[in-house]
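Residue numbers (the numbering used here), protein chains in the order written: chain R, 1 to 398; chain E, 399 to 830.
Calculated directly from the structure, the hints in this document are not laboratory data. Please read all numbers here as calculations on a predicted model, not as lab measurements. For every residue, glycine included, the Cβ atom is placed at its ideal position computed from N, Cα and C. Heads up, some of the hints might be wrong.
Over 12 Å on every C-beta distance to chain E, these chain R residues come out as not near it, computed from the model [what the hints assert, rightly or not]: (1) Ile-46; (2) Pro-87; (3) Trp-105; (4) Ser-115; (5) Arg-323; (6) Ala-345; (7) Ser-346; (8) Ser-347; (9) Gly-351; (10) Gly-372; (11) Gln-375; (12) Glu-377; (13) Leu-384; (14) Thr-392.
Listed below are the simulated SDA-like cross-link pairs for lysine to any residue, each with C-alpha atoms no more than 25 Å apart in a straight line [to be verified]: (15) E:Lys-495 / R:Val-395; (16) E:Lys-495 / R:Arg-86; (17) R:Lys-357 / E:Ile-689.
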Amino acid sequence: MQKNSQQRINSERFWDALPPPWNSDIQETLTCIQVRVETHDVKSFIFATPDNSGFTFRPGQFITLELEIEGETINRCYTISSTPTRPHTLSITVKRVPNGSVSNWLHDNLKAGDSVRVLGAAGEFTCVTFPADKYLFLSAGSGITPLMSMARTHFDLSDDRDITFIHSARTPDDIIFERELALIASSQQNFRTCFICERLGARRDWHGPTGMLSLSALTLMAPDFMEREIFVCGPAPYMKAVRSMLDAAGFERQHYHEESFSFENLPEEVREGVLEAVLEAHQEDAPNTELEVAALTPSTEVGALALLSEVTSFKVMFQKSAREIVCGAQQHVLEAARATGVRLASSCAQGMCGTCKVKLISGQVAMQHKGGIRQREIDQGMVLLCCSKPLTDLVIDK
Amino acid sequence: MKVSKQIQDLITKRLKGHSLDAPFYLSPEIFDLDIKEIFSKHWIQVAIDPDIPEPGDYVTVDIGRNSIVILRDDDMSVRAHHNVCRHRGARLCSEHKGSVGNLVCPYHQWTYNLTGELIYAEHMGDQFKHSEHHLKSVHVENLAGLIFICLAEVPPQDFSVMRDAMMPYLLPHGLQDCKIAKQVDLIEDANWKLTMENNRECYHCATNHPELTASLFEYGFGYQPSPNNIEQVEEFTRLAAERSAQWESANLPSQEIDRLDDLITGFRTQRLPLDRGGESQTLDGRVASGILLGDFDRADLGGLSFWTQPNSWHHFMSDHIVSFSVFPISAEKTLVRTKWLVQKDAREGIDYQLDNLTAVWNATNDQDKMLVELSQKGANSDAYQPGPYSPYTEGLVEKFCKWYIDRLTESIDVIDSSDSVEPITFIKSIKS
Numbered sequence: 001m002q003k004n005s006q007q008r009i010n011s012e013r014f015w016d017a018l019p020p021p022w023n024s025d026i027q028e029t030l031t032c033i034q035v036r037v038e039t040h041d042v043k044s045f046i047f048a049t050p051d052n053s054g055f056t057f058r059p060g061q062f063i064t065l066e067l068e069i070e071g072e073t074i075n076r077c078y079t080i081s082s083t084p085t086r087p088h089t090l091s092i093t094v095k096r097v098p099n100g101s102v103s104n105w106l107h108d109n110l111k112a113g114d115s116v117r118v119l120g121a122a123g124e125f126t127c128v129t130f131p132a133d134k135y136l137f138l139s140a141g142s143g144i145t146p147l148m149s150m151a152r153t154h155f156d157l158s159d160d161r162d163i164t165f166i167h168s169a170r171t172p173d174d175i176i177f178e179r180e181l182a183l184i185a186s187s188q189q190n191f192r193t194c195f196i197c198e199r200l201g202a203r204r205d206w207h208g209p210t211g212m213l214s215l216s217a218l219t220l221m222a223p224d225f226m227e228r229e230i231f232v233c234g235p236a237p238y239m240k241a242v243r244s245m246l247d248a249a250g251f252e253r254q255h256y257h258e259e260s261f262s263f264e265n266l267p268e269e270v271r272e273g274v275l276e277a278v279l280e281a282h283q284e285d286a287p288n289t290e291l292e293v294a295a296l297t298p299s300t301e302v303g304a305l306a307l308l309s310e311v312t313s314f315k316v317m318f319q320k321s322a323r324e325i326v327c328g329a330q331q332h333v334l335e336a337a338r339a340t341g342v343r344l345a346s347s348c349a350q351g352m353c354g355t356c357k358v359k360l361i362s363g364q365v366a367m368q369h370k371g372g373i374r375q376r377e378i379d380q381g382m383v384l385l386c387c388s389k390p391l392t393d394l395v396i397d398k
Numbered sequence: 399m400k401v402s403k404q405i406q407d408l409i410t411k412r413l414k415g416h417s418l419d420a421p422f423y424l425s426p427e428i429f430d431l432d433i434k435e436i437f438s439k440h441w442i443q444v445a446i447d448p449d450i451p452e453p454g455d456y457v458t459v460d461i462g463r464n465s466i467v468i469l470r471d472d473d474m475s476v477r478a479h480h481n482v483c484r485h486r487g488a489r490l491c492s493e494h495k496g497s498v499g500n501l502v503c504p505y506h507q508w509t510y511n512l513t514g515e516l517i518y519a520e521h522m523g524d525q526f527k528h529s530e531h532h533l534k535s536v537h538v539e540n541l542a543g544l545i546f547i548c549l550a551e552v553p554p555q556d557f558s559v560m561r562d563a564m565m566p567y568l569l570p571h572g573l574q575d576c577k578i579a580k581q582v583d584l585i586e587d588a589n590w591k592l593t594m595e596n597n598r599e600c601y602h603c604a605t606n607h608p609e610l611t612a613s614l615f616e617y618g619f620g621y622q623p624s625p626n627n628i629e630q631v632e633e634f635t636r637l638a639a640e641r642s643a644q645w646e647s648a649n650l651p652s653q654e655i656d657r658l659d660d661l662i663t664g665f666r667t668q669r670l671p672l673d674r675g676g677e678s679q680t681l682d683g684r685v686a687s688g689i690l691l692g693d694f695d696r697a698d699l700g701g702l703s704f705w706t707q708p709n710s711w712h713h714f715m716s717d718h719i720v721s722f723s724v725f726p727i728s729a730e731k732t733l734v735r736t737k738w739l740v741q742k743d744a745r746e747g748i749d750y751q752l753d754n755l756t757a758v759w760n761a762t763n764d765q766d767k768m769l770v771e772l773s774q775k776g777a778n779s780d781a782y783q784p785g786p787y788s789p790y791t792e793g794l795v796e797k798f799c800k801w802y803i804d805r806l807t808e809s810i811d812v813i814d815s816s817d818s819v820e821p822i823t824f825i826k827s828i829k830s
């Protein structure tokens with residue numbers, strides 16, 4: 001049985017037997033048929049199609065909502081919390097974000113009977129294409145939604161896979177889907193849940209672990225985590241912490257998957273919406289805009305907020321040529337330099353040839369090279385500008 | 399390879415037990431033959447592991463007109479490729495040594511990974527097949543840290559004979575855990591064979607190499623007994639037997655293996671006792687480095703010598719290794735590359751003094767350079783004619799020459815006189 005169900009869930013043919021999946025370019029109008037309160041600041045919005053056709057997608061994917069808020073069109077990405085194995089409805093689960101214009105609008109306005117325009121499911125963050133005997137799902141805050149979709153799918157298909165689901169929440173009362181996860185765990189032999197809360201909050205009887213997820217906590221909760229296929233979703237600082245934690249343990253990156261949104265790959269209208277939101281946030285110039293909040297607070301709007309942080313920009317100073325440019329957080333430095341008319345030697349633009357190797361005098365970058373630079377060169381402060389995105393302001397010896 | 403009748407005659411009519419005819423040391427045509435038949439078809443010792451300790455490290459060597467890049471891949475294996483871009487032939491690595499991420503042609507940035515696959519080439523269109531333009535690779539063998547390459551399509555298959563025989567001798571010295579303390583490139587104005595011949599005998603040692611013979615017993619390489627030396631030779635023989643027994647019981651092979659002229663991949667080895675301090679080839683015979691190699695716990699392990707045909711010799715001691723490779727440049731010019739290796743944690747100025755480490759072989763190399771250049775000058779003289787080798791002290795020189803002549807004999811095809819486009823004239827007659 002185990003074998004068969006495994007073959008099903010990781011088989012594209014199995015999923016293709018359903019009606020054709022949404023193409024992310026196809027826009028549909030969906031009807032909100034129910035709003036469920038999950039926690040004090042989290043709601044799930046359940047949708048159906050007007051003609052009752054089913055939803056086909058991969059567990060872990062996201063949709064893009066196109067909303068009219070105060071006369072403006074705003075696009076936001078939300079990962080789907082429901083499961084394709086219950087094809088008649090589709091849900092997103094949204095947490096209020098302080099000053100978050102879209103999440104608060106949804107909480108305060110969207111109700112059963114309303115229509116919403118939606119771009120079809122997209123994204124590669126799914127367990128479907130990464131078959132494994134053992135999974136580890138790590139989530140924080142509303143980052144739980146794509147992992148919940150995966151967990152629900154395994155449960156619905158009676159695929160009793162060895163899954164350890166570790167969720168981080170602010171307090172026990174902030175744990176989303178707590179009871180449903182407990183139900184799944186009690187019905188399956190190999191499904192385990194662990195919750196770790198930053199603090200006790202109102203539930204003084206909580207006897208789960210408190211604090212932040214650490215390597216030692218992870219080792220206690222999933223001693224065999226090194227053997228597991230790991231899926232991670234949560235706020236950017238959480239995912240960054242998990243990444244460095246797993247790197248420190250020597251975990252192989254090829255078995256690590258995190259929800260991330262690539263700005264370049266999104267439909268044009270989504271990008272515009274995001275840019276507008278960013279401009280708006282910058283114009284307000286308040287320290288507590290959605291941008292800053294994004295870095296600190298678990299949010300349903302993981303996707304949108306990730307996008308927002310992606311278009312944050314940094315100053316890049318080329319010391320020898322005394323040129324200063326601005327580079328987006330999600331932009332390669334070489335590309336930004338080129339756009340500003342700063343000419344640097346480069347060729348492959350993929351991190352292979354090393355032509356654009358320079359010394360980074362100060363600052364930090366996220367570099368994804370393909371063999372064009374050696375670790376010891378990196379250790380000496382060299383970077384390839386073609387595949388480096390700034391994490392801070394930079395000073396470059398060029 | 400097709401050669402003229404005159405060259406064939408020189409090869410087939412070589413007088414055994416005598417030095418080679420002058421054209422072997424002078425003729426550009428024979429030099430070309432040496433490059434094509436000797437250096438491009440046999441296993442040539444070109445580098446050592448400590449040349450390229452880390453992934454991406456490379457070293458280039460010239461074999462005739464071919465430049466070869468030898469590098470360390472990410473999986474720590476050693477690879478060798480022709481140093482020629484498959485685009486328009488530009489040289490990829492122009493330095494003797496360096497480190498790369500991928501191999502990138504400086505001309506148009508064609509990019510190859512370390513296995514030699516072309517992974518990036520801009521502007522070549524959709525039809526362009528990267529897989530048809532990988533670098534031309536060269537065979538590599540790594541013998542306990544000594545790196546050999548062979549440019550032939552099908553290299554000599556008997557490398558394994560040398561490997562199997564030599565591994566037990568070499569491995570205890572831990573060459574792979576050494577670093578290069580010093581490298582000296584010496585250009586000798588002499589044919590490469592004179593350099594090699596000089597290396598294969600110690601007839602000249604006592605009078606020419608005072609530094610070397612401080613520790614090196616000249617008797618170890620053949621000696622004609624005489625009433626004057628009988629006591630010393632007997633004492634050496636007794637010492638060699640005694641030390642050999644000790645070494646063997648400590649799993650350090652010492653017996654002579656001589657396959658210099660009966661294998662295509664010819665080689666010879668022997669571990670011999672050293673004089674004075676008895677520990678190392680230094681001026682006082684004591685170790686030059688305080689950190690011993692491998693797992694050695696005593697220093698008096700003699701000198702293990704390893705000779706390979708056609709272009710290298712190496713001395714392995716308890717504390718350091720001296721490695722020599724010979725690269726022909728032209729008929730009358732040769733590069734001798736010497737590397738002094740110490741255990742990689744040894745600190746210069748603390749565990750060893752560079753001057754002390756290199757004193758013996760720096761002096762010896764300079765003396766040998768002078769000697770082979772004298773020989774080269776002599777070969778240019780009208781009066782030169784092949785002279786007899788000493789049956790006692792020059793047996794290994796004869797083996798080198800025999801191997802060389804045998805290898806040429808096997809490879810040559812004579813050009814019909816009708817094919818011969820231009821007459822062959824030897825340098826000697828031109829010069830006169």
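For this structure, which hints from the list above don't hold up? 6, 7, 8, 9, 10, 11, 12, 13, 15, 16 and 17
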